[in-house]
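Protein chains in written order, with the numbering used here: chain A, 1 to 588; chain B, 1 to 234.
It should be emphasised that the hints constitute simulated quantities derived from the structure, not laboratory data.
Keep in mind that the hints are not guaranteed to be accurate.
Restraint-style ranges between C-beta atoms, simulated for each label pair [to be verified]:
1) Tyr-116/A to Thr-65/B: 17 to 27 Å
2) Ser-73/B to Pro-484/A: 48 to 58 Å
3) Leu-149/B to Leu-466/A: 24 to 34 Å
4) Arg-296/A to Gln-116/B: 51 to 61 Å
5) Lys-191/B to Leu-130/A: 44 to 54 Å
6) Val-226/B to Trp-475/A: 45 to 55 Å
7) Gly-69/B to Tyr-454/A: 55 to 65 Å
8) Ile-204/B to Leu-130/A: 35 to 45 Å
Positions of the beta carbon are idealized from the N, C-alpha and C atoms, including for glycine.
One letter stands for each residue in the lines below.
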Amino acid sequence: MAYAAIADRDHAHALHEPRSFLTKYIWSQDHKVIAIQYTITAIAIGCVALGLSVLMRLQLGFPHSFSLIAPQNYYQFITLHGMIMVIYLLTALFLGGFGNYLIPLMCGARDMVFPYMNMVSYWVYLLAVLVLVAGFFVPGGATGAGWTLYPPQAILSGSPGARSGIVCMLASLAIFIVAFTMGGLNYVTTVLQARCRGMTMMRMPLSVWGIFMATVLGLLAFPALFVSAIMMTLDSLLGTSFFMPAVSSMGQPLAYNGGSPLLFQHLFWFFGHPEVYIVALPAFGIVSDLLSTHARRHIFGYRMMVWAILAIGCLSFVVWAHHMYVSGMNPYFGFFFATTTLIIAVPTAIKVYNWVLTLWRGDIHLTVPMLFAIGFIFTFINGGLTGLFLGNVPVDVPLSATYFVVAHFHLVMGVSPILVVFGALYHWYPKMTGRMLNDTLGRIHFWITFIGTYMIYLPMYYLGILGLPRRYYAWDEAITFIPPSAHTMNKWITISALFVAAVQLVFLFNLVWSLFKGKPAGGNPWRGTTLEWQTPDTPPKHGNWGEKLPVVYRWAYDYSVPGAKEDFIPQNVPPDKLAPIGHAQGRK
Amino acid sequence: MNIWVAFGALLVGVIVWFLLVRRFTTRSWEQHGSSLHLRHRAGDVGEVTVPPARIALWVFLAVITSLFGLFISAYFIRMGHGHGAGHGISDWHSVSKPPILWFNTAVLVLSSAAMQAARRAVALNQRRRVSGCLFAGGAFALLFLTGQLLAWNQLRDSGYGLTSGPAGAFFYVLTGVHGLHLLGGLGVWLKTVARMRRRAAELINVRLSIELCTVYWHYLLLVWLVLFVLLLST
């Protein structure tokens, strides 16, 4: 078949040129607008989750001082904070936000291959968020089952929101999964089918690789959450006993019989562990591009990075039960899952080495995106290494109910990806808006967030080793093994958390202020090689590339090529344009 | 059984390895090929050989496979649960399967066959036959769904409600989720039929839709056969 890029076939039909304000900004089918819609919604609901974490910390640092935080509220806050941060913020932002924005631009496509489905995906996601928020306002309030929603307590009357709240949560998750599936089919098909000429798979920037693999993981793992959500809804509303064992509530035996709570845990974590990598892989990919661009050096071990992404993706499906060492499952499983868990450290470590080696002898520019990228490496190593502790059954059993786990997963899958989100926003904001984010505010944002993170989570490791139990509303003075110093430390953590939360307002201010007053960015402020920086307009217009699609001649990392005139060669520069320095290309 | 799963996984892994290894050993940083070079290289991404919708359908089938695979593993885990949980007696009691399921299965096979015939007729450019077969395919699918609802009624009437026990509950859930997927397929079918009815419509315009509907129909037939065997045997 003759060459015809998908985006160029049937051009007028495929692109749906917007005609009014409504079709341009609201019911838009342009991937860039949808990406920004996803980003704004995710950040908005993320602010709710941030607020909830502040309330929780106030309670933990200064127990009994705030009458508005009753025990049941505390559990609602825990539940909603966890679920929002993991799914509605990070998953939606990385895949719906960055995936939507970067895949067509980095692959040299005009749009996603199914723009209409892409639009529907966003609106269904918004519906999921609204249903989730509606949970706060139904009788009994939001669910307080903990973000893992374990039965039986999730639907027993002792838990907050056990009647309507949990149903809102499950419905919202099911709707989210529908939205994600629509988006995910788009991302995968676009990466496979709509790359511009010359953009082979092994020339794709690692951001696209990370987002692509995370989407594949999501498409295969989210059904597990869907299955458990359906069955739990039936248990809750219609009285089936999929997960509910024979159980008494408030002294009354209930009609449930014979269900398996462990089955729910298996299903939940079969989704839940890949979910960690659904969040982490896009972060891995994006941070690779940030490091390479801002260190003006090619990524070290590109092929190995791609392999590592694939290996992590595959392995992430066979480690789920390491979340369940204390669940009462067959102890022999523990051996298997501890082994696979430790194996996954190998490709992860390869990635960390490669990031560090990318920096080595690079021309490091400590720009704000670079600060966040380096901050990510620190934080990810810190959180990842404590994962090696928790991956071993005998170490995990005493630690699993303590703050050690809280510190571990926050650093490794909470703070690390969010640092990348910040770095990526500082990096691509100029492309999205045409203006730079304010540098000083960015630096203030980085340093307080970064140092504050450690002031919060390092003490938590210590508290965990001390045996301070997590999930508690308050540690009564009667729990004698907890020394008074632990309470002081909790105050310290809370005050640090307040600072970190407050500085996020600076970031939000920066996002809005720079939109109007930011320094004009030009088309390629970071002198990047990847295609999104080579668009004819900034911000890119509908259809991205003007008349002709770009053609790619090289990989995404030609930085500081010896003999080249500039210290970067964009992917779409043909070799004959480099004729005077042609002799230098045979390097490596 | 586990050893076979492991063996199968290994086999799949080896195949995937062979498929991918050539592509992943590309030294992307060394190829500054000219445009001429690009034009003639096999497998150049500019070559559009597969319509995106077909790729998307296959990816979606993978998602459905994951969904039903997980339902089926939940089925087995729930079935085995109870043996080791203290009291030693499982609460799993098989339900009597409504005989109408056999009829439904035959109808779904006919539906799939009709869709296949429609697809063949497109290839042979027989417009009237395409309309007829396409219509028959959808009608049989609707008949199947009605039959499934009747099966639900029969099951309820014979004393196996949703709360009668895990086997009954799984019956409703599995058939329900399968039915919903078919219903979604019928939505696309309806759109295709509507496009066929337009006067100016050429067969080429509905060719891909009919092909994808057919693949989806066959796949849902396969899923149903697996579910049917599972339900009959337990």
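Hint-by-hint comparison with the structure:
At roughly 25 Å, the beta-carbon separation of Tyr-116/A and Thr-65/B lies within the given 17 to 27 Å, and the hint holds. Between Ser-73/B and Pro-484/A the Cβ separation comes to about 49 Å, which falls inside the hinted range of 48 to 58 Å. Against the hinted window of 24 to 34 Å, the Cβ-Cβ separation of Leu-149/B and Leu-466/A comes to about 59 Å, which falls outside the hint. Separation of Arg-296/A from Gln-116/B is about 58 Å and conforms to the stated range, judged on CB atoms against 51 to 61 Å.
At roughly 28 Å, the beta-carbon separation of Lys-191/B and Leu-130/A lies outside the given 44 to 54 Å, and the hint is violated. The beta-carbon spacing between Val-226/B and Trp-475/A, approximately 52 Å, falls within the hinted interval of 45 to 55 Å. Range check, Gly-69/B to Tyr-454/A: about 42 Å between beta-carbon atoms, so the 55 to 65 Å window is missed. Ile-204/B and Leu-130/A have their C-beta atoms about 42 Å apart, which keeps the hinted 35 to 45 Å range intact.
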